[in-house]
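**Student:** The residues making up each chain are set out below.
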Amino acid sequence: MLEILSEMFSYAFLVRAVVVGLLVSLCAALLGVSLVLKRYSMIGDGLSHVGFGTLALATAMNAAPLAVSIPVVILAAIALLRISESSKIKGDAAIALISTSSLAIGVVVISLTTGMNTDVCNYMFGSILAMTKEDVTLSITLAAAVLTLFILFYNNIFAVTFDETFAQAVGMKTGLYNMLISFLTAIAIVLGMRMMGALLISSLIIFPALTAMRVFKKFKTVTICSAVVSVACFFVGVVCSYLYATPTGASVVIMNMLAFLLFWLARLLTLKARGNGAKAKRVSNF
Amino acid sequence: MAFITCQNASFAYDGITVASGLNFSVCRGDYLCIVGENGSGKSTLIKGLLRLKPVQSGVIFTGDGLKANEIGYLPQQTDAQKDFPASAYEVVLSGRMSIRGLRPFYSKSDKNACEENLRRLGIENLKNSCYRELSGGQQQRVLLARALCATRKMLLMDEPTAGLDPAATQDLYKEIEKLNKDGGITIIMVSHDIPSSIKYASHILHMKGRQLFFGAASSYISSGIGSELMGGALNA
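Protein sequences appear in the order of chains A and B.
Its first residue numbered 1, the first sequence is counted upward by one per residue in my numbering.
Its first residue numbered 1, the second sequence is counted upward by one per residue in my numbering.
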């Protein structure tokens, strides 16, 4: 096992990919708990499609991919949040409109410039080769920002997530926190997207939170478990993808899926055990 | 001087007035029930009292030492909360948010206040239970404890008994009465339950797009509108 790891880490691109991936998984999992509980899971998916469109545009214009994608995706995040908050337009429909539109624009731009080639496949499903030194610096900055903000505002994030109306009533600027969460989500998505793939990146946001919620019942334990599960799944996924030469993004998602099933099974078993225990207790009372 | 005074206030959505002619005041120790049909502007008024919605005309002001952020709010439950992973303790503690201010973490006194309110509502034993696994009545007690963490003066409740079974409803009414009578906490409650409103409240505000009645609960029964509705409610 150690030999495999040391062999893996002798490749500089793999080290970069693992560093960026671990940090993005950590951030996505923390943000994901709040997004999933606020019923904003689809925002992650919508944003990744917008990211796909902007990556295609950036390539066509010969611009740096991150410099174009990050501002556009942040704008999209703010727009999606606004739409979800207003009751007039249904949020899920609006997300579907925006994500399919960006996907279509991206595909047309690519076919007009470079043509449909492996680039498209890489954007869609990710490539482990995509991470540069610039990405490493940016992901370390992002992770530091997310962790600091999350720890400092943990209690406020809980309050906004659990009950936005109450938080507003006691004088909290809830709009600001929603904005902050979607801002950080947008950056996490753009960073992770080229490695995980535009179609797969939202799993990093949704899976760990749902997995943790199968077993844990407190916000604090759910958050911690979600972060641990996400980081572990990413690492195991990358190692598997190295060993079996499978696509990285898909391998990580499969690990997340297995973790989800495992936690779900664990809950079923504990419920059953508790149910049997209660039954035994009732019988003994007779 | 009253805690809250509403002078000829009206509220509007997109320029369409949904509630107007609101003239009432709530004094320390009052128990006001706001009644009326769906769409009569009750929820809008609640938002106005909480300063979440500006008035279209008229004024609402607080007095007698009540600050606008000292109103403890008990909102209607949302769907998202029904499967929210949080312990009762975490929920109640979040009520101290406005008192905590800019400090990032809760202090010893916040935690003590939280414990005290859990005891007050008789739910200390549920402290570590998961919120989503509690019964409807227990969940409302948790939210009441949270609201009490935010204030010692006034509670504003939006249909607190919605979705509760009759026994839990009566329990909750008694609990609220105790907070009002023994705890000296002023209560404003939106309710559909007119008989219980008359039984427990000191004042009634009846709305239907505008103010139809405001006054003591006893005079509401003898007023035309009150007796008509009571008759309807009793025959139903």
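Please note: incorrect hints may appear among the correct ones.
Said to hold, decoys possible - List of simulated lysine to aspartate or glutamate pairs, DMTMM-like, C-alpha gap at most 20 Å:
1) A:Lys217 - B:Glu133
2) B:Lys82 - A:Glu164
3) B:Lys53 - A:Glu85
4) A:Lys217 - B:Asp83
5) A:Lys220 - A:Glu134
6) A:Lys218 - B:Asp83
7) B:Lys53 - A:Glu164
8) A:Lys217 - B:Glu159
If you're looking for bench data, these hints aren't it; they were derived computationally from the structure.
**Student:** If a hint holds in the structure, say so; if it does not, say that too.
**Tutor:** We went through each hint and held it up to the structure:
1. A:Lys217 - B:Glu133: holds (9 Å)
2. B:Lys82 - A:Glu164: holds (14 Å)
3. B:Lys53 - A:Glu85: Distance of about 15 Å is within 20 Å: holds.
4. A:Lys217 - B:Asp83: Distance of about 10 Å is within 20 Å: holds.
5. A:Lys220 - A:Glu134: violated (33 Å)
6. A:Lys218 - B:Asp83: holds (11 Å)
7. B:Lys53 - A:Glu164: Given that 20 Å is the threshold and the Cα spacing comes to 15 Å, the pair holds.
8. A:Lys217 - B:Glu159: Violated. A:Lys217 to B:Glu159 sits at ~27 Å, over the 20 Å cutoff.
Hints 5, 8, counting from the list given before, are not met by this structure.
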